[in-house]
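**Q** Line order of the protein sequences matches chains A and B. Here my numbering is used: the first residue of the first sequence is 404, the next is one more, and so on. Here my numbering is used: the first residue of the second sequence is 2, the next is one more, and so on.
Some hints could be false.
[To be verified] Chain A is faced by these chain B residues, among others (derived, beta-carbon under 7 Å):
#1 Asp34
#2 Leu40
#3 Val55
#4 Lys60
[What the hints assert, rightly or not] Result set (DSBU-like, lysine-lysine): computed pairs, CA atoms no more than 35 Å apart in a straight line:
#5 Lys835/A with Lys927/A
#6 Lys101/B with Lys49/B
#7 Lys730/A with Lys752/A
#8 Lys43/B with Lys923/A
#9 Lys49/B with Lys99/B
#10 Lys101/B with Lys787/A
#11 Lys101/B with Lys595/A
#12 Lys927/A with Lys43/B
#13 Lys101/B with Lys803/A
#14 Lys835/A with Lys752/A
#15 Lys4/B with Lys595/A
#16 Lys99/B with Lys598/A
#17 Lys752/A with Lys49/B
#18 Lys805/A with Lys4/B
#19 Lys99/B with Lys523/A
#20 Lys801/A with Lys4/B
#21 Lys49/B with Lys595/A
#22 Lys923/A with Lys436/A
[As the list claims (entries may be wrong)] Cβ pair distances, simulated, as ranges:
#23 Gly50/B with Leu444/A: 24 to 34 Å
#24 Asp9/B with Glu476/A: 48 to 58 Å
#25 Asp9/B with Glu813/A: 42 to 52 Å
#26 Asp9/B with Asp642/A: 23 to 33 Å
#27 Gln621/A with Thr119/B: 51 to 61 Å
#28 Asp82/B with Lys436/A: 51 to 61 Å
#29 Glu42/B with Thr597/A: 47 to 57 Å
#30 Ser3/B with Thr597/A: 35 to 45 Å
#31 Lys436/A with Gly50/B: 53 to 63 Å
#32 Lys835/A with Ser3/B: 44 to 54 Å
#33 Lys624/A with Ser3/B: 22 to 32 Å
#34 Lys835/A with Thr119/B: 45 to 55 Å
Note that these hints are calculated values from the structure, not bench results. Every residue gets a Cβ at the ideal spot worked out from N, C-alpha and C, and that includes glycine.
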Amino acid sequence: MNKPTNKMNNVGRPSAPNITETHTDHPTFTGNKALQINEPLLFEVGSVEQTGVDIAAPRDVSANRLGGLDRDEEIGLYGLSEPQTMRHYVRLSQKNFAIDSGMYPLGSCTMKHNPRINEKIARLPGLADIHPLQPQQTVRGAIEVIENLADWLMKLTGMAAVAMSPKAGAHGELCGMMAIEAALRARGEATKRTKVLIPESAHGTNPATAVFVGYQVQTIKTRDDGTVDPATIREALSDEVAAIMLTNPNTCGLFERDIMEIADAVHEAGAYFYCDGANFNAIMGRARPGDLGVDAMHINLHKTFSTPHGGGGPGAGPVVLSEALAKFAPVPFVHRNADDNIVSLVEHKQGTQAFGRMTAFHGQMGMNTRALAYILSHGQDGIKQAAEDAVLNANYVKAKLKDVLTPSFEEQSPGFKRPAMHEALFQDDFLKDTGITTLDFAKAMIDEGFHPMTMYFPLVVHGAMLIEPTESESKDTLDQFIATMRDLAKSAQNGETERFLNAPFHAPMRRLDETLAARKPILKWTPNAD
Amino acid sequence: MSKFYTEDHEYAFIDGDIATIGVSHHAQDQLGDVVFVELPEKGTTFEKGDEIAVVESVKAASEVYTAVAGEVIEVNSLLEDAPETVNAGAETVGWFIKIKMSNTADTEGLLDETAYQTHIAD
């Protein structure tokens, strides 16, 4: 393994742990640090002899129906007593960082507070204790939740249809691109149109989606101010282009101000416009993608509409579709019968040519419920206010940090100092010649009790730091964050490298060796592995 | 041997009709610690500008394109188990593949060493 490399500080992340001393100021007998318990893995702390549940032995089963596939040895699952199990998982959860424990300004991820009303509604037995295979007449209320949410999503985006089944952002992208492919197939142009244009400020999942659907990706350079130039798009368009995938607001936190001109050019060339809606939080209630010329856009319910996020999901990525793509939406559809006003999920609908199905059932019901609870508790005015506050918070952070960190795209647009949208982008010029990198800076933030911002993304700026506070944060929290960032920046410029290069000092784990983890991953636990 | 580079930081070092292809020292520096390199099979033929490899670092995954057309006659098997070789010597021990060029005129329009140094200094 390479030794720590302080010198590799341009963009290269010095990812080897840079630890010269260990945290041995006041070692404890147990290795625990007061409430920070050094919890071993279940395999290390439990045993196969222990269990926290009593399961009655099965009644005598006369006929073995396993066809010779029955297990012939012990399953070997490790167990603990119930109180031990409780402590094990509580202790592990205390090592976690969540929006419930602190500010989580991870750019382009919209880590916002999940209001507890969402959880209350989602736990109602009529919504929580149901099964996808139940007869539809027993779950009309749940189907109506899907219908109501679908209606809100179409109205907020100004679009003609919505596919509710995709289960996350990238799954939504796949759905949107498959709808585009189906539309091109219906026009007889599917084999001719093989390219998808993707600006370099797009989300990383966009090119992955295009390739997955079978398209070739053509990368579009952004101009000096961080946005896409319609002239560049025009140049790249041809009768071989199927679609453009654009993120708006983009990953530089900027609104693509020429989006309508871009949409017109794309449509004139016979292509479709996919918009990545991951950053919809910045514009919800203020602008409708349908009015901007978008043909398909996914909405991350878990970002924009506050369902829990960052703990491993689940996500939900409904896709709104324009008039041109509406009839290709995947099954199933929510249908309201005109005669008796009864809602149901149907597989066939007049005038549709569904491209297929995205999921076995109807999508992520728990997320639908929470998103609808968020929308209804905010109302139309509240949603607009949330977007405005999110933008205000990001610009507050930007304004208060721009003299100590280096804001991106400021010099390039001096004519009108462009405000950011929902996130503020900085680059690492202020760290030049300090020997400290964006990564070191982020590690020091952990010691201060903040989840780091998004680092090294977007790729269009050097040593990127992308901060998205969302509307959830109070002015007090933002002020504390700003004061911390200013203190860290000052410290870096004063040459206090110790605070950064060995950080984090106070986290449960010190700096991890991500290079070694990528080069030689250990994917399976084995006893006494060392 | 003559050294040529592309604006996208690939190199083609030409010796007769054999081109050694890889990424520049500047590219490995920008990528940071390389963790994986996917190389083509020996015997594959490529057109100029085709994607020949994918290099993955702790920071990003990038496609690598060939500046010259031809058939792959050798791949650097070192990179399979030791991708860090790219960081150790991108333009020496960390080369990717050797190509038998089908058109020696492919080098026209590529950057020479001086032009490339000027390009990355911008």
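**Q** Can the restraint linking Lys99/B and Lys523/A be considered satisfied, given a maximum Cα separation of 35 Å?
**A** Roughly 63 Å separates the two Cα atoms, so the pair is violated.
**Q** Is the hint on Leu40/B kept, meaning its closest Cβ partner in chain A is under 7 Å away?
**A** Hint on Leu40/B: violated, closest Cβ of chain A at ~16 Å, above 7 Å.
**Q** Hinted pair, alpha-carbon criterion (35 Å max): Lys49/B, Lys595/A. Please report holds or violated.
**A** At roughly 23 Å apart (the allowed maximum being 35 Å), Lys595/A and Lys49/B satisfy the hint.
**Q** Please verify whether Lys752/A and Lys49/B have alpha carbons no more than 35 Å apart.
**A** violated, 50 Å
**Q** Taking only the CA atoms, is the gap from Lys101/B to Lys49/B under or equal to 35 Å?
**A** holds, 12 Å
**Q** Could you see if the CB distance from Asp82/B to Lys436/A stays within 51 to 61 Å?
**A** violated, 39 Å
**Q** Answer holds if the nearest beta-carbon of chain A is closer than 7 Å to that of Val55/B; otherwise answer violated.
**A** violated, 12 Å
**Q** Just to be careful, I want the Cα atoms of Lys43/B and Lys923/A compared with a cutoff of 35 Å; is the pair within it?
**A** holds, 26 Å
**Q** Check whether the Cα positions of Lys101/B and Lys803/A lie no farther apart than 35 Å.
**A** With a Cα-Cα distance of about 57 Å, the restraint between Lys101/B and Lys803/A is violated, given a limit of 35 Å.
**Q** With the threshold set at 35 Å, check whether the alpha-carbon distance from Lys101/B to Lys787/A stays at or below it.
**A** Violated, at about 62 Å.
**Q** Lying within 44 to 54 Å: is that true of the beta-carbon distance Lys835/A to Ser3/B?
**A** Check failed, 35 Å falls outside 44 to 54 Å.
**Q** Between Lys101/B and Lys595/A, is the straight-line Cα distance small enough, at 35 Å or below?
**A** holds, 33 Å
Violation of the numbered hints given earlier is confined to hints 2, 3, 5, 10, 13, 14, 15, 17, 18, 19, 20, 23, 25, 27, 28, 29, 32 and 34; the remaining hints are satisfied by the structure.
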